[in-house]
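Chemist: Full structure from sequences and hints, please.
First to last, the protein sequences are chains A and B. Under UniProt numbering, the residue at position 357 of the first sequence is numbered 357, and the numbers go up by one with no gaps. Under UniProt numbering, the residue at position 194 of the second sequence is numbered 194, and the numbers go up by one with no gaps.
Among these hints, one or two may not hold up.
[To be verified] Okay, derived cross-link-like pairs now, BS3-like style, lysine-lysine, Cα gap no bigger than 25 Å in a straight line: (1) B:65 with A:374; (2) B:340 with A:229; (3) A:65 with B:340; (4) A:475 with A:268.
These aren't lab readings, by the way, just hints derived from the structure by calculation.
2 protein chains.
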Amino acid sequence: MEGTGEVEGAMSKKALKKQQKEAEKAAKKAMYKKQEGKENEGEGEDNGKDVSEGFYGVMPLIQSKERLDRRVLALKELTPDLADKKVWVRARLQTSRSKGKQCFFVLRQQKWTVQAIVSVGETVSKQMIKFVAGVNKESIIDVEGYVRTVPKKIESCTQQDVELHAEQVWIVSSASPRLPLLVEDASRPEGTDDSLATVSQDTRLDNRVIDLRTTTNQAIFRLEAGVCKLFREILDDQGFVEIHTPKIISGASEGGANVFEVTYFKTKAYLAQSPQLYKQMCISADFEKVYTIGGVFRAEDSNTHRHLTEFVGADIEMCFNYHYHEVIDVLDQLFVYIFKGLRDRYSEEITTVGRQYPAEPFKFLEPSLRLEYKEGVAMLREAGVEMGDDEDLSTPNEKLLGRLVRAKYDTDFFILDKFPLAVRPFYTMPDPFDKKWSNSYDFFMRGEEIMSGAQRIHDPEFLAERATHHKIDLKSIESYIDAFKYGAPPHAGGGIGLERVTMLYLGLNNIRKSSLFPRDPKRITP
Amino acid sequence: MEGTGEVEGAMSKKALKKQQKEAEKAAKKAMYKKQEGKENEGEGEDNGKDVSEGFYGVMPLIQSKERLDRRVLALKELTPDLADKKVWVRARLQTSRSKGKQCFFVLRQQKWTVQAIVSVGETVSKQMIKFVAGVNKESIIDVEGYVRTVPKKIESCTQQDVELHAEQVWIVSSASPRLPLLVEDASRPEGTDDSLATVSQDTRLDNRVIDLRTTTNQAIFRLEAGVCKLFREILDDQGFVEIHTPKIISGASEGGANVFEVTYFKTKAYLAQSPQLYKQMCISADFEKVYTIGGVFRAEDSNTHRHLTEFVGADIEMCFNYHYHEVIDVLDQLFVYIFKGLRDRYSEEITTVGRQYPAEPFKFLEPSLRLEYKEGVAMLREAGVEMGDDEDLSTPNEKLLGRLVRAKYDTDFFILDKFPLAVRPFYTMPDPFDKKWSNSYDFFMRGEEIMSGAQRIHDPEFLAERATHHKIDLKSIESYIDAFKYGAPPHAGGGIGLERVTMLYLGLNNIRKSSLFPRDPKRITP
Numbered sequence: 001m002e003g004t005g006e007v008e009g010a011m012s013k014k015a016l017k018k019q020q021k022e023a024e025k026a027a028k029k030a031m032y033k034k035q036e037g038k039e040n041e042g043e044g045e046d047n048g049k050d051v052s053e054g055f056y057g058v059m060p061l062i063q064s065k066e067r068l069d070r071r072v073l074a075l076k077e078l079t080p081d082l083a084d085k086k087v088w089v090r091a092r093l094q095t096s097r098s099k100g101k102q103c104f105f106v107l108r109q110q111k112w113t114v115q116a117i118v119s120v121g122e123t124v125s126k127q128m129i130k131f132v133a134g135v136n137k138e139s140i141i142d143v144e145g146y147v148r149t150v151p152k153k154i155e156s157c158t159q160q161d162v163e164l165h166a167e168q169v170w171i172v173s174s175a176s177p178r179l180p181l182l183v184e185d186a187s188r189p190e191g192t193d194d195s196l197a198t199v200s201q202d203t204r205l206d207n208r209v210i211d212l213r214t215t216t217n218q219a220i221f222r223l224e225a226g227v228c229k230l231f232r233e234i235l236d237d238q239g240f241v242e243i244h245t246p247k248i249i250s251g252a253s254e255g256g257a258n259v260f261e262v263t264y265f266k267t268k269a270y271l272a273q274s275p276q277l278y279k280q281m282c283i284s285a286d287f288e289k290v291y292t293i294g295g296v297f298r299a300e301d302s303n304t305h306r307h308l309t310e311f312v313g314a315d316i317e318m319c320f321n322y323h324y325h326e327v328i329d330v331l332d333q334l335f336v337y338i339f340k341g342l343r344d345r346y347s348e349e350i351t352t353v354g355r356q357y358p359a360e361p362f363k364f365l366e367p368s369l370r371l372e373y374k375e376g377v378a379m380l381r382e383a384g385v386e387m388g389d390d391e392d393l394s395t396p397n398e399k400l401l402g403r404l405v406r407a408k409y410d411t412d413f414f415i416l417d418k419f420p421l422a423v424r425p426f427y428t429m430p431d432p433f434d435k436k437w438s439n440s441y442d443f444f445m446r447g448e449e450i451m452s453g454a455q456r457i458h459d460p461e462f463l464a465e466r467a468t469h470h471k472i473d474l475k476s477i478e479s480y481i482d483a484f485k486y487g488a489p490p491h492a493g494g495g496i497g498l499e500r501v502t503m504l505y506l507g508l509n510n511i512r513k514s515s516l517f518p519r520d521p522k523r524i525t526p
Numbered sequence: 001m002e003g004t005g006e007v008e009g010a011m012s013k014k015a016l017k018k019q020q021k022e023a024e025k026a027a028k029k030a031m032y033k034k035q036e037g038k039e040n041e042g043e044g045e046d047n048g049k050d051v052s053e054g055f056y057g058v059m060p061l062i063q064s065k066e067r068l069d070r071r072v073l074a075l076k077e078l079t080p081d082l083a084d085k086k087v088w089v090r091a092r093l094q095t096s097r098s099k100g101k102q103c104f105f106v107l108r109q110q111k112w113t114v115q116a117i118v119s120v121g122e123t124v125s126k127q128m129i130k131f132v133a134g135v136n137k138e139s140i141i142d143v144e145g146y147v148r149t150v151p152k153k154i155e156s157c158t159q160q161d162v163e164l165h166a167e168q169v170w171i172v173s174s175a176s177p178r179l180p181l182l183v184e185d186a187s188r189p190e191g192t193d194d195s196l197a198t199v200s201q202d203t204r205l206d207n208r209v210i211d212l213r214t215t216t217n218q219a220i221f222r223l224e225a226g227v228c229k230l231f232r233e234i235l236d237d238q239g240f241v242e243i244h245t246p247k248i249i250s251g252a253s254e255g256g257a258n259v260f261e262v263t264y265f266k267t268k269a270y271l272a273q274s275p276q277l278y279k280q281m282c283i284s285a286d287f288e289k290v291y292t293i294g295g296v297f298r299a300e301d302s303n304t305h306r307h308l309t310e311f312v313g314a315d316i317e318m319c320f321n322y323h324y325h326e327v328i329d330v331l332d333q334l335f336v337y338i339f340k341g342l343r344d345r346y347s348e349e350i351t352t353v354g355r356q357y358p359a360e361p362f363k364f365l366e367p368s369l370r371l372e373y374k375e376g377v378a379m380l381r382e383a384g385v386e387m388g389d390d391e392d393l394s395t396p397n398e399k400l401l402g403r404l405v406r407a408k409y410d411t412d413f414f415i416l417d418k419f420p421l422a423v424r425p426f427y428t429m430p431d432p433f434d435k436k437w438s439n440s441y442d443f444f445m446r447g448e449e450i451m452s453g454a455q456r457i458h459d460p461e462f463l464a465e466r467a468t469h470h471k472i473d474l475k476s477i478e479s480y481i482d483a484f485k486y487g488a489p490p491h492a493g494g495g496i497g498l499e500r501v502t503m504l505y506l507g508l509n510n511i512r513k514s515s516l517f518p519r520d521p522k523r524i525t526p
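Modeler: This is how it looks when you write it as structure tokens:
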């Protein structure tokens, strides 16, 4: 028995090409037969009898002709329990290599892989071997065969204790022979071995359909779905109501810069930069606690590792009785719940991603560490940074603070409370004792801000006063102010960028790795 | 003891106005004091001693000065169990009426209401009564008082067995004295009594912050959140992965008509009309089963009861082995699960909505009724409709078919399978036996289509052939076709409009009733 380590890369490129060409021919021949309405009847050479006739070929297009009750097993089900049982599977052909009278190939299905083998014998002809060896990589194939245990673990597959001895092989959907990237190449850790191919980010994103097939990407986006699931789970439990806010808005919210303009019939509209106004309106409308997950749009020409022009915002807003720390408590529990949930329920995904993109496990405390802004500034100063009391944190200083906090408190997550009023938006509630500060906070993961929030001003007159102070034209934010004219409870909230949370939790180096189809100033395809 | 039936409407408009004016004065006076940094110290007339001093007034702006550990009860907690206990609540003032030495008022909190009373006595002055009577409706107030059981049920409140004897009353957030609509008026069934005010749809939507406070709206949007929750619950259980697809796309999907154009830096982009291409790419990328809930945009100038330009799409896509009916089975179970879940977990909301908008309870079968298109056409013909075999269903015919099905099968929900190929999009898989038909289906609720779906063509060559047949420029859908070039399993899916499902489940007559902030050709505010 051979491991796939040997199967991969052992053939010369020339031989591979030749083999592929022949297989293409065979596949084409089969395709023509299919189009004539006949099923493939084997590839008998010289019109001699092919003992494998009817056991391989290109399957006619699955067009829902009949509903077979055949059981199709998942690759993950192939374990020694099924030893010597005949099974039918459908999976992608990851690699193949023929060697004399045998052909080894690896089947892949999401994150599972199994080695298969087809050998010349009573029902397997040479022609069949040739056919199998020539199937294009990434094609979806059906294989029927016997599960056999192996004496030595197959290290390169997830199903290490068994292999599949194929008796039937059918192409369900053929991949183009020329692939823009190979899943193996896309699965390699970055910069480990210069002799092996890696895939540039643009090539990946241009061909996302193939790139997303790597076990790493399968894991990243399952974990990202987990973030949403956990987010909703705890908030539903606490009586939050899920809302859906409009993305098309009439005025540019929050000042007007960096919004995308939309042609709306005979007028102009804009894409919402955040659901904030609508969340707050729901608070004014007595929903008390709301959350929403949806698209958020920023027309910012930032080409960095952490900016997208469209991302998924997970936002919450809630009323409180006396102090916005009631809300920070809820947010704190929310994050701890997400971090624990990921750690406990997605450990396999975390491990998988770590194999390609190694990172320190994400550390957090319960309850989370809370520092005041001035404490953060003091730590930075102690480390040699020169900055004013109420100066905003630069990105490098955020990062540095993250490292200092990690060194001192052993956590990758913390809350920085009481930001200087001057660096926050006009609707931020000032500190009741000192107008230099405000009732606002940022949350950090691995030294990067992932959530910004505050107590909002719920008094329309005070709100107008603060807007005027910020030199904002009151006319332009009239509907925002009006939302609080009919009685509004004190409230606070915040929003996270889903892709940032996923990126930073996993310690990825680029937000494009945690966005399914990323959008940035230079990319709106695919 | 008095019911609020009597409290409401008993005062003349003139008297009410006068009272309100006085209260405004009092509130203003208090506000000035607040701004001078003093708390309200009572409204002593003639500088005489006010025994209620310190027990009423306008509370200083809640700015998170201190974190009181006072327990603030929810109105729903006010039951006879708490009889003679002193409690503190925060709620909206719904109505008030003073009568001699007493003032009755009704507090509202989401869908709960309780009657309160304040009477002149040892600690309650005449001035306090006057203050309370003058608080603007819809203001948020704090009330401390004793819970008292009542001998006769208070029919007009949800808390029918108790009332609150107030000892302290504080304005937390004052509503403007002039309300554009009254919650009571907005809560009235349509067209029942011409002598009572009702609120037009536009007035409601223009002042959505107040309109959403009705118990009906509170219930509608809780139930709508429930639809999403149930949708995700069953799909998560079945191994679906939640994905997030981009809304900004480079090309106009699905033909190009009816898309909104976006100015994207120096180029043009469009808003996605559906997540379909991206769902299908995820199938090509081996996610096997995916769903997504998010904004969907249609630049259609349709001003009907059931069209929105932006709505929430809940979409699924999954691969299958041999027959797209494997997918219909999943969709069938999905809907039955949602309908049962709503019926069992949201019965209170359904009842609440029914009080204002009466409707027959929604009927469904398990498993759902499935008819072929030609069976539907036969039923329509039997009922006198003249139409061709493969003619599309008009909206009136859809409605009629819904009624016929309801009469014959006693269900408001059914699946219509095998639509004529000619009326479906180019990517629809033709029927394998007769090209006149296709492997596609619509789902109906109360005679309106709520989901359209099909087996998609997963073979790129065949897809191109069908597109050409539809006279679609292949260049314009290149990326769509390319998504299937690297091996794609057979798959099918569909998408629902969340607002439509909510509307039709509840039997509402307009989709604007189930959209939080609706968008149509004439409305993009608030």
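Chemist: The structure should be examined with respect to each hint, and the outcome stated for every one.
Modeler: Each hint tested on the structure:
{"no.": "1", "hint": "B:65 with A:374", "verdict": "holds (19 Å)"}
{"no.": "2", "hint": "B:340 with A:229", "verdict": "holds (22 Å)"}
{"no.": "3", "hint": "A:65 with B:340", "verdict": "violated (33 Å)"}
{"no.": "4", "hint": "A:475 with A:268", "verdict": "holds (18 Å)"}
Hint 3 from the earlier list is the only one contradicted by this structure; the remaining hints agree with it.
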